[in-house]
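There are 2 protein chains.
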Amino acid sequence: MSDEVSILITGAAGFTGQEACRHFRKKGWNVKAVVRETSFVSEGIHIIQCDLTDRKAVERLMKMEKPTFLLHLAGVNSVQLSWKDPVTTMEANLLSTVYLLDSVRTSSPSTKIVLVGSALQYDPELKEKPHHPYALSKTMQIQVARHWADLFNLEIVLAKPTNLIGPGPSSGICALLAKHVVEMERNKKTAKFTITNFALKRDFLDVRDAVGAYETLFLFGERNRTYDIATGRLVTIRAIVDEMQSLTSVTNFVNDKKSVGMEVMKPIDVSELRKLGWLPNYSLHQSLNDTLEYYRCQNQ
Amino acid sequence: MSDEVSILITGAAGFTGQEACRHFRKKGWNVKAVVRETSFVSEGIHIIQCDLTDRKAVERLMKMEKPTFLLHLAGVNSVQLSWKDPVTTMEANLLSTVYLLDSVRTSSPSTKIVLVGSALQYDPELKEKPHHPYALSKTMQIQVARHWADLFNLEIVLAKPTNLIGPGPSSGICALLAKHVVEMERNKKTAKFTITNFALKRDFLDVRDAVGAYETLFLFGERNRTYDIATGRLVTIRAIVDEMQSLTSVTNFVNDKKSVGMEVMKPIDVSELRKLGWLPNYSLHQSLNDTLEYYRCQNQ
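Top line first, the protein sequences correspond to chains A and B. Under the numbering used here, the residue at position 223 of the first sequence is numbered 223, and the numbers go up by one with no gaps. Under the numbering used here, the residue at position 93 of the second sequence is numbered 93, and the numbers go up by one with no gaps.
Worth double-checking, as some hints may not be accurate.
Because identical chains cannot be distinguished in the list, a pair is counted as satisfied if it fits within a single copy or across any two copies.
[Said to hold, decoys possible] Calculated lysine to aspartate or glutamate pairs in the EDC-like style (CA-CA distance at most 16 Å, straight line):
1) K56 / D85
2) K129 / D150
3) K160 / E215
4) K192 / D150
5) K127 / D150
6) K188 / E4
Treat the hints as calculated values from the structure; they're not laboratory data. Values in this document were obtained by computation on a predicted structure and should not be read as measured data.
Bound-form chain A, shown alone (with noise of 0.2 Å):
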């Protein structure tokens, strides 16, 4: 069994957690789940429960599982959180990633580590300011991961994943907006979602296409590089309204009554990711659709 590729994947019971566990068992790899709380079940996963912030409990953790990858989900992601609770954010996101990196550090050098970063990061370097305690917390987070990387020698690839959608537990605009025609279809909402601009655009991937991402960063990502984690393709909320419209018979599912002005975005690079082999396999239309699905299958 010493060849065995064995998977550490914290934050398993998230959204992005969920679809790494299923992926990377799929691949026939050991994966074990770290978990905040013991209530989550995956089919033939190794669930361990785990503080991220308790350096002890940390560092036992390492010293037990030395895993052959380690993919670091775990987080509070939630932009409304970090005003009310800044610290909390900031131990979650940044004082749980120095406990990893440094039990990596004595317990299991060997470890080759993506840590997930996110698309509201900011770019010290260019002199950006983050606009909250969020941004803050995953950009320090960012730091510590490319310094640790240089000062020990550790076997980091950072990823930068855009805003992703498809069936699973997401509190994503796609994933509110499929919730919403669902409880449509069920006759249990008739007032309209609001959309504040059907012009805004972004670059939305499919979980399951950035776990897909993850995986060729464990095989091929280069140590201390950021990969964007995207499409390469801007689409807009109206796009999203349309596709959603040919997926169900209820109409009239929005309003926008509150439009405003469009900022510029440019598209997201992702050459580096495509230089690795990467490529996306669902479609727009796919996305959306087993979205959908998921939450026509959830309990009423």
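Based on these hints, arrange chain B on the given structure of chain A.
Chain B in isolation, oriented as in the chain A frame:
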């Protein structure tokens, strides 16, 4: 008593902390000295034991004290220790600062803070990299403070002190040299002190002048501005040794077998601090004299 000026000093048992306690007590301010261990005593100073890496303890501290000023000096400042235990360095320098700043935000938002960085911090905007975990911890400490000040509108002034010298428990080159000279004066040591590079230039400021500068920053420092705290004048190690020679009867107390190439260092620009009216009071001669006297008065 409501318009009494109070100052909370963290790291009060350290080299700068002890001088700060004396200085602000002399000014008639109500000095509260925060220390990790209760063995520290200082006349007329209120001592508070608090582990600054304990979130709840820091919150209780600030709720209770609500000081006019907060001088944050506490932290680990050993490069060597930061290699051995980088996590403790990050906790002591970064996490404690997050806890302190946030407790000010929630319990005492009108408190004006002087946060003391390090000459070894680097500038992420210049794409500089830390040479050790200590530099990383101090840089991230300063970044978090700058952004906390912006995001939550706190009164934070950033101080970046040079090498501080003068009487007191320092582990800097001048203190080590003075200690060595005093031991030679007592015939306790015959081996010479090894200087690796006589041509090395540094800006040495008396700790009493540094504390005077912190007072200036409390009174006149601009929110979220970084002030270099230094003389503005570079001095070679040769000049330090010559000056020390003029203050002792022992001769030949140094050797320089391992001299290495000279680095180029630009003088530190102290114009921003000078604009606020600060001027140093102690000459190099006086500082070194008082350092020698400090060690001469220590128990043998």
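Up to 16 Å CA-CA - D150 versus K129, copy category:
between (24 Å within a copy, 9 Å between copies)
Pop the pair K160 and E215 into one bin, within, between, both or neither, using alpha-carbon distances up to 16 Å.
Intra 14 Å, inter 43 Å, cutoff 16 Å: intra-copy only.
Between the shortest in-copy and the shortest cross-copy C-alpha distance, which are at most 16 Å for K192 and D150: within, between, both, or neither?
neither (51 Å within a copy, 37 Å between copies)
Within a copy, between copies, both or neither: where do K188 and E4 come within 16 Å Cα-Cα?
neither (49 Å within a copy, 62 Å between copies)
Check K56 against D85 for me: Cα-Cα at most 16 Å, and say if that holds within a copy, between copies, both or neither.
between (24 Å within a copy, 14 Å between copies)
I want to check one pair: K127 and D150. Are their C-alpha atoms no more than 16 Å apart within a copy, between two copies, both, or neither?
Between copies only: 14 Å across, 22 Å inside.
Hint compliance for this structure: hints 4, 6 are broken, all remaining hints hold.
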